[in-house]
Amino acid sequence: MKKIKLYLEELSCPDCANKIEQVLNKTEGVKKADVHYTTSKANVEYDSEKIEVADLKKAVAKTGYKVERTK
Amino acid sequence: MKKKLKIVIISGILIILAWLSNFLNYNPLIFKTAMVIAAVIAGYQVAISAYNTLKMKVISINLLVTIAAVGAVIIGEYWEAAAVTFLFAFGSYLESRTTAKARNAIRNLMDLAPNLATVIRDGKEKEIAAEEVEIEEEVIVRPGEKIPVDGTVIKGESEINQAAITGESVPVRKEKGDEVFSGTINQNGYLEIKTEKVGDDTTFGKIIELVEEAQEEKAPTQKLMERFSKYYTPGIILLSVISYFISGSIRLSLTLLVIGCPGALVISTPISIVAGIGNGAKNGILIKGGEYLEKSGEIDLLAFDKTGTLSKGEAEVDQIITYAKSESEVLRLAAAAEFNSEHHLARAIKNKAEAELKESVKSPVSFETHTGKGVTARIDGREIMIGNSRLFKEQGIKIPEKIERKKNKLEKQGRTVVVVSEAEKIIALISIADRPRENAYQIAEKLKRVGIKKIVMLTGDNERIAESVAEELNLDGYKAELLPEDKVKAVEEYQKEGYKVAMVGDGINDTPSLVTADIGIAMGAAGTDAAIDTADITLMADNLDKLPYAVGLSKAANRNIKQNVAFAVLVVFALLAGVLGQKVFLASGMLVHELSVLIVIFNAMRLLRYSTE
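In order, the protein sequences belong to chains A and B. The first sequence begins at 1 in this note's numbering and counts up by one. The second sequence begins at 72 in this note's numbering and counts up by one.
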């Protein structure tokens, strides 16, 4: 299990945060995702054997948002 | 962002053209076509995003808006379709513009982080990334440059602007042996610094991380709102379907979809919190999260732990009254006995010894601390005891009446008096003054102005000193001769009386009472990580004036949250009533919705400008 912070491009509405959060949580290999509208940040806990950071970025991209950097 | 604006402008122009053609009695086909194109332009991306999220089995507000717009076109309401998508696009553009402003306070803070550091490697000066400096490595900082690490000055002196940490731009003088912080600005001198912490470990790095986490911390109201909207959105969708079967009005069903996301409600609390925390961070006030902003709003009693807050905690020896031996001999013994103690009174005695004695202070052979009472030590084979009356009582040593009278007299004048004995015989009294700070005299009035009802002092000092200080500073009460655990009890007693208690301390030896209080406020915490970790609100600067600011800001933020929530709830129900009463339709529903969101944001942004002046 790994933890990562995804810094997203600025989220424009609280609904977008909910949306990204739900999408991430439904992504295979993600244990838990919290997306914060106020900081435009996603804290994700994931299984590094099942999924890579690139896959997380792809999942976010599906919602129309880019990941700017990770930590 | 620019793309968003373009979309808004183009679809806006099309809508205007459509209306113009309508007034000029052109072919209605032109009107319809222009409106549909406007709707497609404004809604295209909304629809794509709706489709993508739907694939992940997530229903988003985008989906609801898309259904409403498509539905409006199908039933021939071209203008409504264009208006809904245009307003949605325009609204979200304005929203992101304004929320970005609210969030900027923190972005600006992050920009203060240092990037580069000058170090000496292989005998040459070299510029490297600030995070890559090694611990213990020497860093060179020239006038006008940012200090890249936390460390100690080893050479040079300068005035330093510490605004990034403390929120105060009055420069502070630093010289050899002083602590300097990453992110602060070296104004006019050349400094060489020995690195102690770099990158995320620095005080500045901690602040950034804390502020970031604080904004993610959900306040109770926010959690409540989110729970509400979780049920509200599906509820509205259901209502939309039911109302179609009952009334047969597609228009009504579509309008319900438009108001299906209570945007103002969801955003009401977090946006106030971001603005409040942002304002605080800019002024050297760290607020750990929205929860504490809400709690602070209810605080009516504020308790000071005197040392380090009302007084600087930089006590000074102002008199030594000897009954045996010379003054310098007493000082030498006392300083040696206190050698290992970090108590502020011990420090005062050691400072005095350092300044007055020619020889350096020796460490004692053996040494025992009696917390809150004093120390006993063995120096050159002599039994030295130094402490307050309680220590002497406990050890069964009687203080002669004449000495006791002198002690009382000094204490009435607001001095702290420690008694020194050798082999159970009193040899001296040391009188120590820890005067209130200059701005402590107005603090009670300032705090009352921001809504605190009762201000009290909790102190380890004895009754007489406490009384004289409390009176001088116009406090409403005091509790004296308290040990750290007594302070906890005192806080609990106030809570039992029904007060919501904020405890203010220096965060060093008052941690338990800070934790017990409803809100723990640590003051002058720059450089002390423990204080930052414990306190709910941290004032980085060692400046009492920041306290009314922090309390006032929290209270203002709490009011702001309440206003926003009340307004948002009102809008949600008014809209629902308006739609069901067939007074509000697609375009007007969207307009009210977007306006309410913007009003909530603008209200929150007033917090960015909050100031006590």
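Wrong hints could be hidden among the right ones.
[To be verified] Which residues of chain A face chain B? A few of them, derived with a C-beta cut under 7 Å, are:
id: 1; residue: E10
id: 2; residue: Q22
id: 3; residue: N25
id: 4; residue: K26
id: 5; residue: K32
id: 6; residue: H36
id: 7; residue: K62
id: 8; residue: G64
Hint data in this document are derived by calculation from the structure and do not stem from the laboratory. Cβ coordinates follow ideal geometry from the N, Cα and C atoms, glycine included.
Each hint tested on the structure:
| no. | hint | result |
| --- | --- | --- |
| 1 | E10 | holds (6 Å) |
| 2 | Q22 | holds (4 Å) |
| 3 | N25 | violated (9 Å) |
| 4 | K26 | holds (6 Å) |
| 5 | K32 | violated (14 Å) |
| 6 | H36 | holds (4 Å) |
| 7 | K62 | holds (5 Å) |
| 8 | G64 | holds (4 Å) |
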